[in-house]
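Assemble the dimeric complex from its two separately framed chains, guided by the hints.
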Amino acid sequence: MNLSVPDLVFYGVALITLVSAVYAVFSRNIIRAVFALLGTFFGMAVLYGLLAADFVAVIQVLIYVGGILVLLLFAVMLTGNIETAQSSNRSSGLWLGAVAGMVLLALLLPLALKTPWQQSGAGEYTQTTASIGTALLSSALLPFEVISIVLLGVIIGAVVIARHRRAADMEAGK
Amino acid sequence: MIQVGLGHFLVVGTLLFTLGVVCVITRRNAVAILIGIELMLNASGLNLIAFSHYNNKAVEGSVFVLFVIVLAAAEAAVAMALILAIKRRLRTIDVDQTSSLRG
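From first to last, the protein sequence lines are chains A and B.
Just so we're aligned: 151 in my numbering is position 151 of the first sequence, and the numbers increase by one with no gaps anywhere.
Just so we're aligned: 1012 in my numbering is position 12 of the second sequence, and the numbers increase by one with no gaps anywhere.
Chain B extracted, bound-state conformation (with noise of 0.2 Å):
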């Protein structure tokens, strides 16, 4: 355990990111997966703000922080649309059942 500096902020938001993806990949619910891309966005946000407060730069940082934090929450408004309007037609969320534009 030494003095925590940018690297752990880093390897904390590699850690994060791998699961999004490791999630993304694996589970089978339209919902966890969302979940998945939650982890990444959030672990982007954190490496963009331990960049900019080691940098001596406060702002920067927030602001590129706040509009990802922005677009995470559209995102996941109309993902969770799309998602009742799936459930609605195909009686299914699972994305290895709604392959209706499958060649």
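Excised from the complex, chain A in its bound form (with noise of 0.2 Å):
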């Protein structure tokens, strides 16, 4: 029994990842829920740089904290009730829910422990940023191109969708 530094930072970090995402999914104050989510991006961040994917860690800082946090918490600030905000997040169908976690772990659990996965060793601690540009314009260039096109329309798509229409707009049909 004994335990490399890396096996002790998978297995205390595994554990706030779970717990902060637990907490995210079952508390009742939707912005403490949303401020949860904040260890289990992190989380998520330290277990890639664990799998040697060091430029996917980064980006996981700068997009989920950096982006998809803040845009969580601004959907929250602009569409509840701050007043309120203790039984903002009602919940239903727990019984479903709990049915449909239990099925769902009971499934793929073992899928997961028993199957025999191919492997072939653990790849090396390098760092990737330049092969992952070489492969960007390389093997992976179609969907680099494309996923930018998606890019413009969601921009674009974003803006129609949020913004504010006057009344008269409206009934001109515009």
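No wet-lab data here; the hints were simulated from the structure.
Remember, predicted model here, so these are calculated numbers, not experimental data.
Incorrect hints may have been included.
To be verified - Just some of the chain A residues that point at chain B, by a computed CB distance under 7 Å:
| # | residue |
| --- | --- |
| 1 | V13 |
| 2 | Y23 |
| 3 | V25 |
| 4 | G49 |
| 5 | L51 |
| 6 | V56 |
| 7 | L104 |
| 8 | A106 |
| 9 | P110 |
| 10 | L113 |
| 11 | G133 |
| 12 | I147 |
| 13 | V154 |
All C-beta atoms in this analysis are idealised placements derived from N, C-alpha and C, irrespective of residue type, glycine included.
Structure below.
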């Protein structure tokens, strides 16, 4: 029974990730739930680092913590009644959720643990940024270009949907 | 406690995915449903990176997860615009009360 430092880091970070995910799922207060997600996203970044994916770890912090989490907070602040934040995360269908979660765990956990996954040795801990850049401009060039069109569509679509239309415009059918 | 291997990461991914599904099913606040979707996307990303790492390939899984992250950000932006529009029109983001399309 000798645990190396990466193993200890894994167990600690996995615990933090899962505990804050549980809090985000079951918290009655939506603002607390969003802030609990901070722990999950940072934990995921550390797990990516443990798996030698340094670039993805940095991107995880930049986009999830810096982008999506702030977006979620904006959504909460712009839609919720701050005074009644205590009961702003009503839940129902708890039985259905519990049954679905149990069935999913019973199916997926044995699948993850018992299947003889193909493994050919752990990868080395080298920097991956240069090879990711090469891959994005050679083997993954088509999806790379397609996703830029997707992003353009998302920008225009989000603005069109969220734009505040005046009543006169809506009557004129604009 | 044994040496950390592929199975450990898969278990973490499984638990995160299950939590996301439970969140989507039980929550009635549209923002909370968005949180569940993000948890599920994170779980899938962890699995992809874990498989790629334990098959001696650093790049393939990373590229895949980068695309997943970009699409997650796009989805969050559109979802927030939709939530704001629904809030403005119906004065609520409780998905049980937004039932105008129910027959």
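Each hint, compared with the structure:
1. V13: With Cβ-Cβ at 9 Å, over 7 Å, it is violated.
2. Y23: violated (10 Å)
3. V25: Given a least distance of 4 Å, the restraint on V25 (chain A) holds.
4. G49: violated (10 Å)
5. L51: With Cβ-Cβ at 4 Å, under 7 Å, it holds.
6. V56: Constraint on V56 (chain A) satisfied, holds at 5 Å.
7. L104: Holds, about 5 Å.
8. A106: violated (10 Å)
9. P110: Hint on P110 (chain A): violated, closest Cβ of chain B at ~10 Å, above 7 Å.
10. L113: With Cβ-Cβ at 5 Å, under 7 Å, it holds.
11. G133: Given a least distance of 10 Å, the restraint on G133 (chain A) is violated.
12. I147: holds (6 Å)
13. V154: holds (4 Å)
Of the numbered hints given earlier, the model fails hints 1, 2, 4, 8, 9 and 11; all others are met.
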